[in-house]
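S.K.: Spelled out, the chains give:
Number of protein chains: 10
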Amino acid sequence: MKYGEKNISKAKLEKWLNPHPERDYTIEIDLPEFTCLCPRSGYPDFAVIKINYVPDKYIIELKSLKLYLNKFRNQSISHESATNQIFSDLNKLLKPRRLEVIGDFNPRGNVKTIIRICL
Amino acid sequence: MKYGEKNISKAKLEKWLNPHPERDYTIEIDLPEFTCLCPRSGYPDFAVIKINYVPDKYIIELKSLKLYLNKFRNQSISHESATNQIFSDLNKLLKPRRLEVIGDFNPRGNVKTIIRICL
Amino acid sequence: MKYGEKNISKAKLEKWLNPHPERDYTIEIDLPEFTCLCPRSGYPDFAVIKINYVPDKYIIELKSLKLYLNKFRNQSISHESATNQIFSDLNKLLKPRRLEVIGDFNPRGNVKTIIRICL
Amino acid sequence: MKYGEKNISKAKLEKWLNPHPERDYTIEIDLPEFTCLCPRSGYPDFAVIKINYVPDKYIIELKSLKLYLNKFRNQSISHESATNQIFSDLNKLLKPRRLEVIGDFNPRGNVKTIIRICL
Amino acid sequence: MKYGEKNISKAKLEKWLNPHPERDYTIEIDLPEFTCLCPRSGYPDFAVIKINYVPDKYIIELKSLKLYLNKFRNQSISHESATNQIFSDLNKLLKPRRLEVIGDFNPRGNVKTIIRICL
Amino acid sequence: MKYGEKNISKAKLEKWLNPHPERDYTIEIDLPEFTCLCPRSGYPDFAVIKINYVPDKYIIELKSLKLYLNKFRNQSISHESATNQIFSDLNKLLKPRRLEVIGDFNPRGNVKTIIRICL
Amino acid sequence: MKYGEKNISKAKLEKWLNPHPERDYTIEIDLPEFTCLCPRSGYPDFAVIKINYVPDKYIIELKSLKLYLNKFRNQSISHESATNQIFSDLNKLLKPRRLEVIGDFNPRGNVKTIIRICL
Amino acid sequence: MKYGEKNISKAKLEKWLNPHPERDYTIEIDLPEFTCLCPRSGYPDFAVIKINYVPDKYIIELKSLKLYLNKFRNQSISHESATNQIFSDLNKLLKPRRLEVIGDFNPRGNVKTIIRICL
Amino acid sequence: MKYGEKNISKAKLEKWLNPHPERDYTIEIDLPEFTCLCPRSGYPDFAVIKINYVPDKYIIELKSLKLYLNKFRNQSISHESATNQIFSDLNKLLKPRRLEVIGDFNPRGNVKTIIRICL
Amino acid sequence: MKYGEKNISKAKLEKWLNPHPERDYTIEIDLPEFTCLCPRSGYPDFAVIKINYVPDKYIIELKSLKLYLNKFRNQSISHESATNQIFSDLNKLLKPRRLEVIGDFNPRGNVKTIIRICL
Chain A
39 MKYGEKNISK
49 AKLEKWLNPH
59 PERDYTIEID
69 LPEFTCLCPR
79 SGYPDFAVIK
89 INYVPDKYII
99 ELKSLKLYLN
109 KFRNQSISHE
119 SATNQIFSDL
129 NKLLKPRRLE
139 VIGDFNPRGN
149 VKTIIRICL
Chain B
39 MKYGEKNISK
49 AKLEKWLNPH
59 PERDYTIEID
69 LPEFTCLCPR
79 SGYPDFAVIK
89 INYVPDKYII
99 ELKSLKLYLN
109 KFRNQSISHE
119 SATNQIFSDL
129 NKLLKPRRLE
139 VIGDFNPRGN
149 VKTIIRICL
Chain C
39 MKYGEKNISK
49 AKLEKWLNPH
59 PERDYTIEID
69 LPEFTCLCPR
79 SGYPDFAVIK
89 INYVPDKYII
99 ELKSLKLYLN
109 KFRNQSISHE
119 SATNQIFSDL
129 NKLLKPRRLE
139 VIGDFNPRGN
149 VKTIIRICL
Chain D
39 MKYGEKNISK
49 AKLEKWLNPH
59 PERDYTIEID
69 LPEFTCLCPR
79 SGYPDFAVIK
89 INYVPDKYII
99 ELKSLKLYLN
109 KFRNQSISHE
119 SATNQIFSDL
129 NKLLKPRRLE
139 VIGDFNPRGN
149 VKTIIRICL
Chain E
39 MKYGEKNISK
49 AKLEKWLNPH
59 PERDYTIEID
69 LPEFTCLCPR
79 SGYPDFAVIK
89 INYVPDKYII
99 ELKSLKLYLN
109 KFRNQSISHE
119 SATNQIFSDL
129 NKLLKPRRLE
139 VIGDFNPRGN
149 VKTIIRICL
Chain F
39 MKYGEKNISK
49 AKLEKWLNPH
59 PERDYTIEID
69 LPEFTCLCPR
79 SGYPDFAVIK
89 INYVPDKYII
99 ELKSLKLYLN
109 KFRNQSISHE
119 SATNQIFSDL
129 NKLLKPRRLE
139 VIGDFNPRGN
149 VKTIIRICL
Chain G
39 MKYGEKNISK
49 AKLEKWLNPH
59 PERDYTIEID
69 LPEFTCLCPR
79 SGYPDFAVIK
89 INYVPDKYII
99 ELKSLKLYLN
109 KFRNQSISHE
119 SATNQIFSDL
129 NKLLKPRRLE
139 VIGDFNPRGN
149 VKTIIRICL
Chain H
39 MKYGEKNISK
49 AKLEKWLNPH
59 PERDYTIEID
69 LPEFTCLCPR
79 SGYPDFAVIK
89 INYVPDKYII
99 ELKSLKLYLN
109 KFRNQSISHE
119 SATNQIFSDL
129 NKLLKPRRLE
139 VIGDFNPRGN
149 VKTIIRICL
Chain I
39 MKYGEKNISK
49 AKLEKWLNPH
59 PERDYTIEID
69 LPEFTCLCPR
79 SGYPDFAVIK
89 INYVPDKYII
99 ELKSLKLYLN
109 KFRNQSISHE
119 SATNQIFSDL
129 NKLLKPRRLE
139 VIGDFNPRGN
149 VKTIIRICL
Chain J
39 MKYGEKNISK
49 AKLEKWLNPH
59 PERDYTIEID
69 LPEFTCLCPR
79 SGYPDFAVIK
89 INYVPDKYII
99 ELKSLKLYLN
109 KFRNQSISHE
119 SATNQIFSDL
129 NKLLKPRRLE
139 VIGDFNPRGN
149 VKTIIRICL
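Chains as they are written, first to last, in my numbering: chain A, 39 to 157; chain B, 39 to 157; chain C, 39 to 157; chain D, 39 to 157; chain E, 39 to 157; chain F, 39 to 157; chain G, 39 to 157; chain H, 39 to 157; chain I, 39 to 157; chain J, 39 to 157.
Think of the hints as simulated: they come from the structure by calculation, not from any bench.
Do not take every clue at face value.
As the list claims (entries may be wrong) - Distance ranges between label pairs, derived from CB positions:
(1) Leu131/J - Lys130/H: 38 to 46 angstroms
(2) Tyr96/A - Pro59/I: 44 to 52 angstroms
(3) Lys130/F - Ser79/B: 53 to 61 angstroms
(4) Tyr96/A - Glu99/C: 34 to 42 angstroms
(5) Arg61/G - Pro145/F: 36 to 44 angstroms
(6) Arg61/G - Gly147/J: 44 to 52 angstroms
(7) Cys76/D - Glu66/G: 51 to 59 angstroms
(8) Glu99/H - Arg78/C: 33 to 41 angstroms
(9) Gly147/J - Lys130/H: 48 to 56 angstroms
(10) Asn129/A - Arg78/C: 23 to 31 angstroms
Unchecked claim - Taking lysine-lysine and the BS3-like style, the derived pairs with C-alpha atoms no more than 27 angstroms apart in a straight line are:
(11) Lys133/C - Lys150/A
(12) Lys53/H - Lys150/H
(13) Lys133/C - Lys101/A
For each residue, glycine too, the CB sits at the ideal point set by N, CA and C.
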């Protein structure tokens, strides 16, 4: 059984109650070890995922976020789709006051791509 | 007796009179040696605490600020709560015209977190 | 037959459907190995080309973009014209919501030039 | 006789006529070798002083500025007061259209402080 | 005959037609090897000259710009006057839509000066 | 079928004839996107693999080297074993005059490890 | 009960069998979050501990190393003694072919100290 | 006619007499804009070529060196062969007391290669 | 009374017993805030003083070292003499197995000087 | 009268007595504002001159060294000759125990050159 099969099933994004919902503040999270598979070539892609948000009722639980991103490891997905999916999943779960997701991908064929999505 | 037990009791944030309340100016303070304990794992956490404010009637006394932050050394507290507590304590004491507190934490499990609170 | 003669004929910019046209997001692309020929001296010029855009219906296909830029390799063209031509070609093909093209050229005769075009 | 006793008496800030008062332009000055004495501990403090201004009728003469700052060498003065005094002296002498003075002090007891005053 | 006497006479700023006057775009030029003489001490001064502009009908011809700046090599001129003169000469010749000239001078007597002029 | 199952079977290190065996020269190769699985925690590990060698009769074919390293993606293996295995496989295949393999791993639990093996 | 009291009792340095004792290779370990207490002032000290060694029969188990270093958190110990003790403990446990321990301490009172011990 | 056809025929490495053959000294030359074509893929390759030598009777004429390197622009040649050919040509022409040629190539397919040849 | 008059009299370099004389190890000390007066111009000079030594029977006490260096604040002394005097005083007091003193002075009149003395 | 005519006549390298001839120590001097004229093109060249030496009976007087280097400002001289002449003049005057002169020239036509001469 390859990596993830067992883990992926239980890797679910979890939310916690925001301890200070009365106040606007920003949480910046950097996850520098994202990897997935290129849907065209089948080769691995690598990226830093950056998440900046102003929480409303919930904050993201960090360990579940890490496990959630690990699930992409053996998934074939484009730069644009991966970044958009992370954005959508976080937005749906947390309904934050502000949300930005950045997928900063390592160069492929001398071409470097960064995807930024902001609510 | 462990560190802090004697010191903590007298580590109280002190304020001084602002020598130039007639003027808006910014004081930026960097404290690169903050440490506390992770409430989940019990392991130490490390951060740089940055405080930027525009004083009104009072400025913070720097030595008392340093001793106040040292009190977190053996306290179990999350990133979000530590940063919010520092913000609240300073805000209550100084009632500054503007206040920003940033908790820039070292990565844990490949995940780096920065908390920014701004008044 | 020199480089490009065979390749250039088929190096056509291709567009793909934007998978998330319902959302404004930015795609930043860095291509650090652009080279063309100086129309005055005949000597090679080198540049980093940076493209930032908010896609509407289409996104650029990255491999065709790379091959398209390779076509400039043996073309005599000034800094200003090269950057403007890339901007015009991308703008016409993609009709993006926002487009910025930057030609960041290596110094020539101690003079460094950067051209920025923004829609 | 210690340093400054002879020099300080003649270290007076001088102004020159602005050669281009018809135009708004900025003069940025960095003086990286400021030192004074801490009024609490008596130990030396070190700072970079940065001055940015838009001159009106006058510009500051640089050598007199340097000698003026050297006068703080053996003076006991806090971070906040030193920066405010430099601001006030320059403001009074030059009556500039805009003035910013920054005192960027070396850390003391792990605490780094930057004072920014802006007109 | 010293440097420049022969060259200076023919070092005239030249303008070319802007190939894309229908579009606002920025041209940034860095010239890191500017030198002139200090009018007070007679010693050499060194600077980086940065020119950013949005061309209207004309763009600057780069080689003539370089030769024009070389003319300052044996001229006695202050930081403020040199930067203002370059600004005035370019503004008069090109009548650009936007123009910024920055003279970023090496430290003299521990004092670093940057002059910024913006239209 | 997970990544690698199809590819791994054909990912075999290939050697080419050294075009200049009459001369000692060094080939340095950096592969910044190595990943494997931690045998203890099951979580992904990331490293830069650096290979420096003086070829004798053979040089390594670069594409086969890249595919060979991709095979570790879903393998559970410690830092020390991964680096030693790469060293052994290259040494056996190329019989180089000199060989150094470095596994420069990202921190785990605040601990950064670099393994260097040199022949 | 303060931090460590429960953990310290079981924080024992563990050794594993070196998987490749037939070969000389280097293991470099960086632990950037060391902290102890200054025996003079009682204030916290911070350091990066670097360990480089060539293993003989044993390698250090990384988690036990981290827990071992955490034990210094509430201990009063000088820069020289802390670094020497780590060196002695590792040397005794591992009997490595080569061992270097570096204690790179944050400045105290503007004085930065680095202790290097090499076998 | 493509670039180089006219220029290449006259691009011959030239040597000058060493003005100080009585003394051992080093000349380091960096040429950051080398480009050739990959013999496998046909795509452009980019490198920095570094030449360090101790001249004997001759030194290299720099302009002829630059034109000589420009000749590789449309040539299909591997990293190893290009670096070795430059080394051989310089060695034959200059017969220097010491010679090192380094070809520091941009990554291809995530793999970065540096070739070092030293006499 | 100027700075130092009271302090200097009691600022005496102190030595402590080396806790590990049985072992050769290096102590590196950086003191980035050294200042004295130029014997020619009377203006302040600034330097970083670096001390690296292998202790024999004694180690230097850090606070006394800092106070000792503060004594130079109002002393007229050249770069060479200041560095040599620090070297001589430490060498005489500690009789270390190895000693290096570096005086890394800020530029004066565009000229940067570093003095290195090694036993 | 152009720069230097009056000054050059009196710009003579001066030597002072070495205050510590009984000891071997190194003096490193960086002069980042060297400029001369290219004998081929007539255009200005720029360099950093670095001088490292172990003095015997004499040390160089820094102001005379600066004025001596300023004399090259309007002189036509190649990179190799300028560096060799500085080396010869210093060697003849100081007869130092060790001497290294480095001429680190700004790129010309994309080619960067560094000349190192060591005794």
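S.K.: For every hint, state whether the structure bears it out.
M.R.: Structure-based check of each hint:
Under the hint 38 to 46 angstroms, the C-beta atoms of Leu131/J and Lys130/H, about 40 angstroms apart, fit the expected range. Distance hint check: the CB atoms of Tyr96/A and Pro59/I are about 60 angstroms apart, inconsistent with the given range 44 to 52 angstroms. Distance hint check: the CB atoms of Lys130/F and Ser79/B are about 43 angstroms apart, inconsistent with the given range 53 to 61 angstroms. Between Tyr96/A and Glu99/C, the C-beta spacing of about 38 angstroms keeps the proposed range 34 to 42 angstroms intact.
Between Arg61/G and Pro145/F the beta carbons are some 25 angstroms apart, a value that contradicts the proposed interval 36 to 44 angstroms. Under the hint 44 to 52 angstroms, the C-beta atoms of Arg61/G and Gly147/J, about 49 angstroms apart, fit the expected range. The beta-carbon spacing between Cys76/D and Glu66/G, approximately 40 angstroms, falls outside the hinted interval of 51 to 59 angstroms. For the pair Glu99/H and Arg78/C, the supplied restraint of 33 to 41 angstroms is violated, since their beta-carbon distance comes to about 23 angstroms.
With their beta carbons about 24 angstroms apart, Gly147/J and Lys130/H fall outside the hinted range of 48 to 56 angstroms. Here the CB-CB span from Asn129/A to Arg78/C is close to 53 angstroms, at odds with the stated 23 to 31 angstroms. Between Lys133/C and Lys150/A the CA atoms are separated by roughly 22 angstroms; this keeps the pair inside 27 angstroms, and the hint holds. Between Lys53/H and Lys150/H, the direct Cα distance comes to roughly 33 angstroms. Violation of the 27 angstroms bound is thereby established for this hinted pair.
As the CA atoms of Lys133/C and Lys101/A are separated by approximately 41 angstroms, the hinted pair breaks the 27 angstroms bound.
Hint check: violations occur at hints 2, 3, 5, 7, 8, 9, 10, 12 and 13; the rest are consistent with the structure.
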